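There are 2 protein chains.
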Amino acid sequence: MLARELIDDYPLIRADDPALAAARMIGEQRLPGLMVVDDGGRPLAVIGGSQVLRFMLPGYVVEDPTLARVMDEKLADHLSRELEGKTVADLLPDKPAALPQLGPDDTVMEIASVMARERVPLVAIVNDEQLVGVVTASKVFSTICPAL
Amino acid sequence: MLARELIDDYPLIRADDPALAAARMIGEQRLPGLMVVDDGGRPLAVIGGSQVLRFMLPGYVVEDPTLARVMDEKLADHLSRELEGKTVADLLPDKPAALPQLGPDDTVMEIASVMARERVPLVAIVNDEQLVGVVTASKVFSTICPAL
Chain A
1 MLARELIDDY
11 PLIRADDPAL
21 AAARMIGEQR
31 LPGLMVVDDG
41 GRPLAVIGGS
51 QVLRFMLPGY
61 VVEDPTLARV
71 MDEKLADHLS
81 RELEGKTVAD
91 LLPDKPAALP
101 QLGPDDTVME
111 IASVMARERV
121 PLVAIVNDEQ
131 LVGVVTASKV
141 FSTICPAL
Chain B
149 MLARELIDDY
159 PLIRADDPAL
169 AAARMIGEQR
179 LPGLMVVDDG
189 GRPLAVIGGS
199 QVLRFMLPGY
209 VVEDPTLARV
219 MDEKLADHLS
229 RELEGKTVAD
239 LLPDKPAALP
249 QLGPDDTVME
259 IASVMARERV
269 PLVAIVNDEQ
279 LVGVVTASKV
289 FSTICPAL
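Chains as they are written, first to last, in our numbering: chain A, 1 to 148; chain B, 149 to 296.
Footprint (simulated), chain B over chain A, 3 or more residues, beta carbon under 8 Å:
id, segment
1, 46-52
2, 61-74
If we take Cβ atoms under 8 Å as the criterion, some of the chain A residues that face chain B in the derived model are:
id, residue
3, Gly27
4, Arg30
5, Cys145
Just so you know, the hints here were simulated from the structure itself, not pulled from any lab data. Note that the structure is a prediction, hence the values are computed from the model and not measured. Built from N, CA and C at the ideal position, the CB exists for glycine as well.
So here's chain A without its partners, still in its complex pose (with noise of 0.2 Å):
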């Protein structure tokens, strides 16, 4: 099986897109991730749900979650307030690890090799630099072990 015939209709998001946006795209679609382009369509990265939430995350909230509870009021009224204006350029590292993609005409074996040494739910397929769509890692389960 080829990556292009494994492609889901899966929703984009762009760089400058609030992050609000983002990150209730996730919850309402319950989507394992961002498929983030830039407004010529271009991939930039993928980050998976708990990636997104490590960048929304103050550092110090991640190390040590006993802190989450101390201040969870504040921390809830901090998250808003981080998010708003934010775009979702914003929630990306500093210095994004390489974009997971393949092309078309790569393997579902290739598929599942990227997403495990990237550990990412999702991989972009790209040709001539423009998105050609998203596999994800459900769909790359459901071809490597069919049901009966």
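Starting from the known structure of chain A, fit chain B onto it as the hints suggest.
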């Protein structure tokens, strides 16, 4: 919001269930990962989808995706053979990471913090060593950033 209010209906998998069944479950139900329990219902491990792929694939293929292309057909055979007769326990790392777990009265911020730190899409909610339920990252997002 407390953990007890955020519990989703989430399928559990037992450590002695067939590994192939677990992989199929992720694909069919589009799960972000596996919640593994022992036969007494005690939580053992949370494994994200990309980690399951890592444990399924031979190490050299994870390190070098181009190998996955070269040996695509063989690899698919290998994978089915590898999974046949194995249990979920065989997919777990030898030294499993600490189970990401919290109590029913812990807050959504503590859950977010644990997910961000451990980089997992699920946490186990545990009381007296028994699993009370599972909270997913998408539930955390829809709680911290509710739809307008």
